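Those protein sequences? They're chains A and B, same order as listed. According to our numbering, the first sequence is numbered sequentially starting from 1. According to our numbering, the second sequence is numbered sequentially starting from 1.
Please note: incorrect hints may appear among the correct ones.
BS3-like cross-link-like pairs, simulated, lysine-lysine; straight-line CA separation at most 27 Å [unchecked claim]:
(1) A:5 to A:252
(2) A:265 to A:358
(3) A:265 to A:252
(4) A:252 to B:195
(5) A:265 to B:195
(6) A:6 to A:358
(7) B:67 to A:6
(8) B:83 to A:5
(9) A:252 to B:83
(10) B:195 to A:5
Here are some chain B residues pointing at chain A (derived, C-beta under 8 Å) [to be verified]:
(11) 93
(12) 101
(13) 105
(14) 186
(15) 189
Derived by calculation from the structure, the hints in this document are not laboratory data. Since we're looking at a predicted model, the values are computed, not measured. For every residue, glycine included, the Cβ atom is placed at its ideal position computed from N, Cα and C.
Each chain, written out:
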Amino acid sequence: MLDIKKILSRSWHILWNYRMLWVFGFILALTVAGGSSSGNYSSSSSSRTNNNTTPQYEWQGLKGETPREKIADGLRQAGAGIEKLRDQYPIEFRMVIAVAVTVFVMLLIFGFIGAILRYVAETATIRMVNEYEQSGIKVGFRQGWRYGWSRVSWQLFLINFVINLPVLVLFVFLGLIGWWIVTAALSGIQTSLITNLIAGIGLAFISILVTVVLMVVLNVVRDFSWRISVLEGSGVMETIRQAFAMLRRNWKSVGLMWLVMIGIKIAWGLVFFLLIIPLLIVSVITAIGGLVVAVVPGLLTVGIASLLSAPDYWPWIFAGVISLPLFVSVAFSPVFLVRGWGLTYESSVWTLTYREIKTIETVAPPVVIAAE
Amino acid sequence: MPEHVKEWLSAYSDGELRGNRLRQVENHLGKCPECLAELEQLQSLSNLLHEAIPTGDFMMTERFVAKLTLNLPRRSEAPHLHKALEIGWWLIPFVLLGAWTFLQVTFALSWLTQNVWDAGLLGSAFPWLQFNPPQAEWFSTLINLFGSQPGFIDQTLLQVLNNANLVIEDWLGSILWQALLAVIYFGWAASWWLKQTNQLSQPENIQTFAQ
Chain A
1 MLDIKKILSR SWHILWNYRM LWVFGFILAL TVAGGSSSGN YSSSSSSRTN
51 NNTTPQYEWQ GLKGETPREK IADGLRQAGA GIEKLRDQYP IEFRMVIAVA
101 VTVFVMLLIF GFIGAILRYV AETATIRMVN EYEQSGIKVG FRQGWRYGWS
151 RVSWQLFLIN FVINLPVLVL FVFLGLIGWW IVTAALSGIQ TSLITNLIAG
201 IGLAFISILV TVVLMVVLNV VRDFSWRISV LEGSGVMETI RQAFAMLRRN
251 WKSVGLMWLV MIGIKIAWGL VFFLLIIPLL IVSVITAIGG LVVAVVPGLL
301 TVGIASLLSA PDYWPWIFAG VISLPLFVSV AFSPVFLVRG WGLTYESSVW
351 TLTYREIKTI ETVAPPVVIA AE
Chain B
1 MPEHVKEWLS AYSDGELRGN RLRQVENHLG KCPECLAELE QLQSLSNLLH
51 EAIPTGDFMM TERFVAKLTL NLPRRSEAPH LHKALEIGWW LIPFVLLGAW
101 TFLQVTFALS WLTQNVWDAG LLGSAFPWLQ FNPPQAEWFS TLINLFGSQP
151 GFIDQTLLQV LNNANLVIED WLGSILWQAL LAVIYFGWAA SWWLKQTNQL
201 SQPENIQTFA Q
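Excised from the complex, chain A in its bound form:
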């Protein structure tokens, strides 16, 4: 059985004594989407504003008898409105489209860079913790980056992709359910709409619940697969298979560790919630640094946009779009740093758990053969 207390305290020790891990934790915090947040859906109907008291059954202003005709009329009216806007404000219209394209391209670029940084940081963190545990050696940023900048980080991405396939399937399934309900609504037959809606909600409910339970297990498999991939160097599917087998053999220990980690995550969430206000106060100071970092690319963008004949204040809007991510990264660095501690700690715990399980499996305890 795992010594959970030892693993937790050892991870804590590693977190505070190996400061270079904070840098990679910071990168993780910047690039990993918040996974533990829960949708704060209202438990009652009162979140609706009081002004919106009666539903708009008639889709006022739209011509047509059936919902299908009303939607077609709505689309036609929207098209006409866009045409009118283009004629009235030709420059603004062009600029809004250019800004939208810029935002899209920026999202793509930052998404791509973020994905690379994330998997490099994941790989580096796992290797650094493992090496520190094995030989007590602490490495610098350059060596840590070298650990992460390898084909293994690509494998980590692939493992994550394979593991998250059920979520993709869920979204496709929910989309199909939505389409099923919409077609019923468009048909204008009320009985069909009622049937499809009730069945659709039921199906959506079951599929979401099943996927959540499945993903809980698969995320643990992913954590083990990552460590097998980084520390043992197997292929993607082979790694996942090995992780599954390891999980099956040690489900009690891993399950217990998972339960403990859930508790720690809840506690950490509360602490983070309490820390957020002081962190935001500190962020006011780091925002100056953010401005300094963002000002150069911002001014460059202003210059380029002006050269490309963007009129009036539009170059500044482009500058805002380009330099905002840089500003946010630096201005909210205290928040990212603290979040990075949590992610580094979690990564260390799972790395040590993997090491411990491997040790237990390698050095099998002596078996006393009982007398007949």
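Following the hints, complete the assembly by docking chain B onto the known chain A.
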């Protein structure tokens, strides 16, 4: 005379030789009285050992293992009730997490359905969904006191305050039930931790085996 076969005599005496080596030793013994005498000595020693009565201190391997097994700390057979309680104990965190997931999915879907209904996409398909707009207690009281049609500014201000009240109420409500689940979870985790620590520090768990 070929070389003596003294190094093989012990194996020969125990019947462990086969083939050429056996024939070689037998041939040699037929010719060599020295080796034959040594073999006789070996056999008489072996007979002596077999006839000797074991002393009280000597213990057969099987008996030793049996005795050791008897001295090992053993878990008493748990009664059914105890087993059921233990299973129930381990189910607590899973039930809590399951409840949290269930409620989150339910609220998410009801929120989605409500918004679809608000947008009028359901038409008049669900007449029973047409509930009265939510109002805070103080808002209803004020409306009752000052009539249903106060001035425009008053009405807007009251509506804003009412909506703010409802949003905070909702937010607190959703925080509270999650906090309640979290507290129960922590209670379970803390008692597990204490149980674990107590089990490890129990002196009899270590001493029983040492005896």
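Earlier hints that do not hold, by number = 7
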